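There are 2 protein chains.
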Amino acid sequence: MNSSIEKIRNYLKNHRLKAILVRSTDKYFNEYVPRFLSIRQHVTGFDGSVGDAIISDTGLNLFVDGRYALQASKQAVGFTVHVCQNNESIESLWLRKLKEILGVNNILAYDPETVDLNLFNRMELELKSTNSLKSAREIFQEIEKTLPDPELKEPIFKIELDICGEDYSKKHKKLEKFLQENNLDAFLIVKLDDIAWLTNLRSYCLPFQSSIPGIALITKSDLLLAFRKNLKTDALKTVGEQEFWPHVLEFLKSPKAVVGIDENQTSKAHEMALQALGVEIKNISNPITNLKAIKNEKELLHLRGAFAKADQVVYQTQNFVKENFEEKSLSEADVDSDIQDRFKKSGSKQLSFRPICASGKNGAIIHYGSPDRSQKLKEGSLFLLDTGAYYEGYATDLTRTFLVGQEAKPWQKEMFTLVLKASIAGLSARIRRGTLGLQLDAIVRAPLWQKGLDFAHGTGHGVGINVHEFPPRIGPTSTSVLLENQVFSIEPGLYFKDVGGVRIENLATVVSDPENNDFLRVLPLTFCPLDEKLIDQSMLDTHEQNFLNYFKAEWQKEASWPSLPPLKSIKF
Amino acid sequence: MNSSIEKIRNYLKNHRLKAILVRSTDKYFNEYVPRFLSIRQHVTGFDGSVGDAIISDTGLNLFVDGRYALQASKQAVGFTVHVCQNNESIESLWLRKLKEILGVNNILAYDPETVDLNLFNRMELELKSTNSLKSAREIFQEIEKTLPDPELKEPIFKIELDICGEDYSKKHKKLEKFLQENNLDAFLIVKLDDIAWLTNLRSYCLPFQSSIPGIALITKSDLLLAFRKNLKTDALKTVGEQEFWPHVLEFLKSPKAVVGIDENQTSKAHEMALQALGVEIKNISNPITNLKAIKNEKELLHLRGAFAKADQVVYQTQNFVKENFEEKSLSEADVDSDIQDRFKKSGSKQLSFRPICASGKNGAIIHYGSPDRSQKLKEGSLFLLDTGAYYEGYATDLTRTFLVGQEAKPWQKEMFTLVLKASIAGLSARIRRGTLGLQLDAIVRAPLWQKGLDFAHGTGHGVGINVHEFPPRIGPTSTSVLLENQVFSIEPGLYFKDVGGVRIENLATVVSDPENNDFLRVLPLTFCPLDEKLIDQSMLDTHEQNFLNYFKAEWQKEASWPSLPPLKSIKF
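Here the protein sequences line up with chains P and S, keeping their order.
According to the numbering used here, the first sequence is numbered sequentially starting from 536.
According to the numbering used here, the second sequence is numbered sequentially starting from 536.
Here chain P stands alone, though its shape is the one from the complex (with noise of 0.2 Å):
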């Protein structure tokens, strides 16, 4: 048993408190939570991206889905670990089970940093007459400063107009017309994206993010706008994180300001925040959501430019393994290090995420984030490398599956060209504006669902200043309206345990179609060959055929950047 839940436990005690959570998100919601906001890792043990935890008097209990099943009973010992079943979201299975856990007439204690308030109004709804709730913000406290927390030295850059296309004045301008029209003073901006998409303003002081942690206000004539310590910059004034509450009110001008948070983004402590201020809040939409989906036109060129850099990474890096895996006797790690070589080289200064390079059957591990340097690759087996890069503060995705060796077998080419077949489905689609993610995901899944297949993650997201934005999604479930110039992704797959996976990712924006303006059509961005050994031709039509032309027509095309050709809408 580790000290911090000695400790824990020893404040649950002194507090008449049952239990804890402890959540797997840090303050700013980050989908990579670095090692010094992570509470959760350094009290269970357990290093996955997402897990929650409950800690009572008596118990520990984690919470993962299927994916960390096995990692986390490894890692976090003593603890039980609860996996999720059928789709359940991990905060749906504890509040399922906070009844069991903390019987009647108790309390359970939070961080109201890391718990939303859309969660907070389910958590009360769950436990109200039978328990309650109570912030323990101190406690989380202690164990931050028991954390490294680091300098953050990594400089604040402003990205030129050329290529984010809009300034902040032009883009204050928005919000200010959105504050004017929902009757606010104010809206607090908690998203570090959103802070990052407004001020132009990027880091690479986070893992895979070029999003600086901070938070925001914004008023009709002006922005408060707090960075951690250690983050200064000359381009817009700044306070310290720690200065942000105690200017608000002074900032507002006016103790009676309305002030506007979105429930779904804002934490419990912004609240209490807000709350201890006296200004009257009111829930609503985020504006910068919308906004920051749809790309500007300098936008686009900038992102097509830094996929054309990530397509030619990711193919030297194929030819590279192609070529050398026997020889130089190539294991997993030994792709990773060539790949993180290439981007450098290329120009980036941070990747988007942890590169998944999976050989044979470990390709069928939908996030397999740690490659093995003692797997190396074999003839005749597949390579899934699912990787992207930073250029500029905005992100890059691309997957690309591809035969380590020469000859491929029967099932490894149906394999992949019935994911090819998916993959051409989406980027080739013609929708109707207002298609939903849902409908544009049926149209992909369509191919593989023919075969009896399916694969159990979401078919597309949108990319720009994080890797992972939304909207757009597309999956299942996903009702937002697929809108021109957002750009996403269209990663249709196929996973075999103990066999291995195929994973075609590419990046697609919608353009308006010329021809009929009630439609639109998906444009690819992303043109990196894909394996020729691994397409089965007979088991494509003529327009499958027709875009495949196209795309390596397009590939070609692409080796001439900076001086892209104009997007335009394609016909097959």
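Watch out, some of these pointers could steer you wrong.
Given that identical chains are not distinguished, each listed pair holds provided it fits within a single copy or across any two copies.
[Stated by the list, open to error] Lysine-lysine pairs mimicking DSS-like chemistry, simulated, CA-CA at most 25 Å apart: (1) Lys1087 - Lys986; (2) Lys669 - Lys632; (3) Lys1068 - Lys663; (4) Lys986 - Lys879; (5) Lys879 - Lys609; (6) Lys844 - Lys680; (7) Lys986 - Lys956; (8) Lys669 - Lys548; (9) Lys986 - Lys680; (10) Lys1092 - Lys542; (11) Lys542 - Lys712; (12) Lys609 - Lys693; (13) Lys911 - Lys764; (14) Lys817 - Lys542.
Since the hints were derived computationally from the structure, they do not count as laboratory data.
Keep in mind the model is a prediction, meaning the values are calculated, not measured.
Since the structure of chain P is provided, determine the placement of chain S on it from the hints.
Same frame as chain P, but now just chain S:
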């Protein structure tokens, strides 16, 4: 100006009402409103199936959808005709116009029998603060008296157990469980096909229906069943409709009973009647909706037999027309009477809707309901034939489009084959369990979307006791889950104004996939031959050709009815 409008305006004046809403529906919310219940038709002169009127002291307003714009202008003399745009519903349109019509501090009168509670709430919300609502049943009753109320002499018959598969007592048990689980003493059954499902009683006394007009209240132990005058049965104890409400309290046994109603289906008049009795009213989703949608084995077998008969009828008419159109100088009206005769000869006593017999460019009118005696069939034109009939109280529905003459033009073949591709995408679909109507809808439309084409109606609807039963619904906004043993249509089409239309409608079910339990397979249930002259084989891929071979083989088997082979899923 007809006398009923004068009568209405006098009523408005005497009661200090500004305007009155006259809806097209009747008290049973019938899809096909019988003449003797259509006050709106009587008052406005407009005889289309859908359209609501608002008559004020100074204005006459009629609200219709696009397909009735012309007809309404011609028939509703003196009325201003408002036409829905952009998929707005008729109700939303007049709700939007209400303020303009009413001014302020005025009262809108309405008939509580034709306004469901959901709509009533919307009306109240729209008017609150400026105007108010008042029930005006008396004036509607007065007008009703002037309409010829027929004797409804058609006999009531009981569906054999061998056809309906479940007797009343078994169905009652399911509802008893529902009442128990929801702490209800009773549930008010107002949908006529729900009463037909529960009692297994039918009659052909209403147009295009097999349901009997009436109302019912079910308790854990009993059923209070009321039929409209002159309709009596020995199968279950009934009272006359006029005696229903006076009997309810005695039947419930307790004045404190809790009675469930479904607000989406129950009229304001029903709620007012329950309120007058002083019972507790609880809004709850109608349990029969989903029970009725899932067909049991006997029902499925009967439906297949019924569909086989309708397939033969349509096939015969199709052949008759192709062989005789020139010599007999056939008109649309001749085709109409030919197919009606054949339905009768095949044993059907009632059509399930008014046949659509559309020649040439009339095929582009989606609800073309008036076959024209002067519209002679022309060599080389398309004929769209959409028909259905009742066999033992269950409906059929089938559309075939065929060539009149010898040689199809290239555009006709392209149009037909595109619709065929969409049909096959639906009829051969393999879908994940849990797939929603809007996902299957996207799969069906995708081949048309790919060409920048679409159709402005749903892809499919449930079929059973009524020809249009929901769920399931397969359309762009349908979130109903597709379930095993539902029976529904797949009916894509293409329509070009002043050119013509193609629709191919088949009925289908979904069955568990024997190869993979996570999946369902769509399985066609109708096999009436498609016109080979209209199929461009070069546009079909292998999967589509395999499907057509299967479809033709099944047509041969279907002829062997009543010894149909067991239903099993097909793999192409």
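Worksheet item: For which of the previously enumerated hints does the structure constitute a violation, in increasing order of number?
Response: 3, 4, 5, 6, 9, 10, 11, 12, 13, 14
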